[in-house]
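Enquirer: Taken in order, these protein sequences are the chains called A and B. Take numbering that gives the first Met the number 0: the final residue in the first sequence is number 370, and no numbers are missing along the way. Take numbering that gives the first Met the number 0: the final residue in the second sequence is number 370, and no numbers are missing along the way.
Hint data in this document are derived by calculation from the structure and do not stem from the laboratory. Treat the hints with care, as some may be off.
[What the hints assert, rightly or not] No farther apart than 20 angstroms at their CA atoms in a straight line, the calculated lysine to aspartate or glutamate pairs in the DMTMM-like style are these:
{"hint": "1", "chain 1": "B", "residue 1": "Lys243", "chain 2": "A", "residue 2": "Glu5"}
{"hint": "2", "chain 1": "A", "residue 1": "Lys222", "chain 2": "B", "residue 2": "Asp102"}
{"hint": "3", "chain 1": "B", "residue 1": "Lys27", "chain 2": "A", "residue 2": "Glu5"}
{"hint": "4", "chain 1": "A", "residue 1": "Lys27", "chain 2": "B", "residue 2": "Glu5"}
{"hint": "5", "chain 1": "A", "residue 1": "Lys224", "chain 2": "B", "residue 2": "Asp316"}
{"hint": "6", "chain 1": "A", "residue 1": "Lys243", "chain 2": "B", "residue 2": "Asp316"}
[Said to hold, decoys possible] Negatives, chain B to chain A, calculated, CB over 12 angstroms:
{"hint": "7", "residue": "Arg128"}
{"hint": "8", "residue": "Leu182"}
{"hint": "9", "residue": "Lys222"}
{"hint": "10", "residue": "Glu240"}
{"hint": "11", "residue": "Lys310"}
Keep in mind the model is a prediction, meaning the values are calculated, not measured. Glycine is no exception: its CB is placed at the ideal position from the N, C-alpha and C atoms.
Number of protein chains: 2
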Amino acid sequence: MSYQSEQNTSTRILMGPGPSDVHPRVLKAMSIPLVGHLDPEFVEIMDDIKEMARLTYKSKNEMTFVVSAPGSAGMETCLINLLEPGDEALICSHGVFGSRMADIVGRCGAKLRLVEAEWGRHIDPDRVRDVLKDSRPKLVAIVHAETSTGVLQPLEEIGKLAHEAGALFLVDAVTSYCGTELLVDEWGIDAVYSGTQKCLSAPPGLSPISMSPRAVEVITNRKTKVQSWFLDLSMVKNYWEGAKRTYHHTAPVSAMYALREAYRLVLEEGLEARWERHWENHRRLRQGMEAMGFEFLVEEGYRLPMLNAVKIPGGVDDAVARSRLLNEYNIEIGAGLAKFAGKVWRIGLMGESSSENHVNILLSALDEIIN
Amino acid sequence: MSYQSEQNTSTRILMGPGPSDVHPRVLKAMSIPLVGHLDPEFVEIMDDIKEMARLTYKSKNEMTFVVSAPGSAGMETCLINLLEPGDEALICSHGVFGSRMADIVGRCGAKLRLVEAEWGRHIDPDRVRDVLKDSRPKLVAIVHAETSTGVLQPLEEIGKLAHEAGALFLVDAVTSYCGTELLVDEWGIDAVYSGTQKCLSAPPGLSPISMSPRAVEVITNRKTKVQSWFLDLSMVKNYWEGAKRTYHHTAPVSAMYALREAYRLVLEEGLEARWERHWENHRRLRQGMEAMGFEFLVEEGYRLPMLNAVKIPGGVDDAVARSRLLNEYNIEIGAGLAKFAGKVWRIGLMGESSSENHVNILLSALDEIIN
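Isolated chain A (complex conformation) (with noise of 0.2 angstroms):
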C-alpha cells in the first residue's frame, strides 16, 4: 500500500492559481512543537496575527480575524452571517467565485439579485447602478481578484453605490490581499475576506476576515440564528476577541504558527513593495508571453498581477503541455475553469512564486514545449 511509504513527493514550482510556493521560514514554523489552543502564548500569537490582518487589510476594524478553514469558509462565513433569511443581496459575478457567492445567497433564503459580465470582462459600475435604483439590498457583493478569469475589478466607485443605496459592501478579496492594492476602509469595504495560500504564501486553509463597525452592528442585531454553528460569529468572535477568550472550537495551532510567520514576512517586505514587486513580475511575463505569440485573455487595465489567464496557443494540447511542466518541469500552472476549461492557462505569479526566476522559468519551459 502506498501509505505504508514515507512521503516523497516532487519539489513542484507552484505557478498555478494557489497554494503558491512557501518560503522556508514559514515551513519551519509549522515544525515548532504545538502550544494548547487556550495556552496564553498562543493567545498571544492569535492577537499578533489580528494586528497584522489589520496593517495588510489597510484597516482599524475592531473584528479582524482568521477563520479556522480556507478561503470558501470565510466566503460564506461573511455571507451567512450578515444575511437572514427574506433579506436581499445584490452579487456581482463575472466568473466562478461570483457564482459561488450566488449560490451561497440561496442557501441563506436570500433573495438574489445579480449582475453578471460575461466571463473576463469586469462589472460596469453603471450595471449596478441601474439595479440599485429599483432593489434596496442589504449588500452588494464582488470579487476584487476573479481568479477563474483574471480579472481586476475596479471597486471604489461600486463602492460607493452600494453605500449610497443604504448597502453594506462586500469584497471577495482571496487572490488580490497582499498581491496588489486593497485598501479596506479607505474603499469603503464592510466585509472582507481572503485565503493564505495565494499572495500571502501560506498554506492553505485559514482565510482572514474583517468586518466594518456596520457589519458589525448589522451581525449584532441579527433577529434569526446563522445557520452554521462552525462559522457563527456571535461566537467566533469569543474566541478571537476580549480580555478572556472563550473556548469555540480548536483553532489549527500549526497552521496559525505559518500564518504568523507569512505575515512577518510580509510586513518586512512592506506591503506596497510586495504589490510592486506583484505587479513587475507581471509585466515581465507579459512581456515573455506575448514575444512568445501568447494573448491575454482580459484587457489591459484590468488585468490581474498574481493571476495571468492566457489564451492556449492553437495546436498546442491542454492537457498534454501542462502535464509535460509538471513531469518534465516540476512547474505547475492552472487549468481554465468552467467555459473555460482547454481554453485558457492560468499562471499565477503569487507570493513567494512572484519573482524574476519565476518568470524565467516558466519562460523557457513553455518555450521548450510549444516550439
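On the provided structure of chain A, position chain B as indicated by the hints.
Expert: Same frame as chain A, but now just chain B:
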C-alpha cells in the same frame, strides 16, 4: 510590537483535552514544500488518507474522507447533510458536545428530541428506548467520548435501538478515535466524525468523517440543498472520490501531510496496541491520582482512558494550580467546562501524550504543587 519577534513559544507538555503532543515525524511532514492541491501526487496523498481513515474507523465505507476544518465542523457536516428542515433528530446529550449537536439540529430547521443524562453520567439505553416508542427520528446521535465530562458512552445497544426504529446512528468520536475501541461497521454506525488533535496526535484543523451506504443514500435523496456550501458533501465528495477529482475548495495541503504521517504512526503501532496503551496509561494515572487523594468524576466502567476528569481537591485553587503547572512545569491540563468550571480538571492522555513519562511528570508536579 510582539509580531516583530520570531516565534518563541515554550515547549509544553500537552495533557489537556487537545491538542496533544505531536510526534516529530508529524511536525517534520509539515515542513515539506507543498505540491498543488490537484497535483496527481496530492491526490495520491488524499487516497492514502482515505484508506488509513477506513482502517482506523474499522469500516469499509466508501464515503470516508476528511473535512478541511476542525472536529466541530465535522459534527456540523454530518448533521446538516443528513437532516432537512422538518426532520426529527434524537440527540443524546450528557455534556458540552451533546448540547452542541442539539444546537446544530435547531439551525437545520429540524425537530429536536433530547435524551439527557446528568453531566458525568452516561446515557442509559432504556431512556432512548422509551423515547423511540413514540417517535420516528431520522437519526439518533450520541457522543462516544464526552470530552467535557470524561464519560465513555457504550454505543452498541443504542445503535441497535436506532436501527430498529429505522433511524440512522450518528456518533461523535472526536476524542475516542484511535484511543479506544471504535468499530464503525460492526457497531452499525452510519455517520461518524472525529478530530485530528486528540488520540491521532496530529495538529488540530481537520475532521475525518465516514458515512455508511445508508447515510449516503439519505444524502443522495435530499430534497433540499444543504445549508452550507463549504460542508455540502454532494460537492465535497467529488473532490475526494472518483477517477477525476473536481475542484471544490483548496484542501489544507500541509495539514494533510501531517495527517498522513500521523496515520502512519498509528498503523505502525497497531490500532489495537494503541487502544491498549491508552488504557494502560489511564490505569497508571488513576493509581497515582487516587494515591494522592484525587477522586474521579465518573463512575468506574464508564471512564475514558484518554480524558480523565478528576475533582479538584478542597483547598486547591484551580487557576493558581493550573497556572503553576503551566508556568513552572510547562504542563497543560484542561480546566472544567461550563458547570464543572473550577470544580474539575481534565487530564488528557491522548496519542503521543499517553505515555508512562507523561503520567510520571504530571504526578510529580501535582505532588509538589498540592502538598
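Enquirer: Next step is simple, just say for each hint if it's right about the structure.
Expert: Hints and how they fare:
Between B/Lys243 and A/Glu5 the CA atoms are separated by roughly 25 angstroms; this puts the pair beyond 20 angstroms, and the hint is violated. Among the hinted pairs, A/Lys222 with B/Asp102 is consistent with the structure: their alpha-carbon atoms are about 16 angstroms apart, no more than 20 angstroms. Annotation: proposed proximity of B/Lys27 to A/Glu5 holds, straight-line Cα distance about 12 angstroms (limit 20 angstroms). A hinted pair counts as satisfied when its Cα atoms are at most 20 angstroms apart, and A/Lys27 with B/Glu5 qualifies at roughly 12 angstroms.
Taken as a hint, the A/Lys224 and B/Asp316 pair is broken in the structure, with Cα atoms around 37 angstroms apart against an allowance of 20 angstroms. Annotation: proposed proximity of A/Lys243 to B/Asp316 holds, straight-line Cα distance about 18 angstroms (limit 20 angstroms). At the 12 angstroms boundary, the C-beta of B/Arg128 stays outside the reach of chain A, the nearest C-beta of that chain being 29 angstroms off. Listed as outside the interface, B/Leu182 is consistent with that label: its C-beta sits roughly 21 angstroms from the nearest C-beta of chain A, beyond the 12 angstroms cut-off.
B/Lys222, annotated as away from the interface, keeps every beta carbon of chain A farther than 12 angstroms; the closest lies near 14 angstroms. Chain A leaves B/Glu240 outside its interface by the beta-carbon criterion, the shortest separation being 17 angstroms against a cut-off of 12 angstroms. With 12 angstroms as the threshold on Cβ separation, the claim that B/Lys310 sits away from chain A holds: the shortest Cβ distance comes to roughly 21 angstroms.
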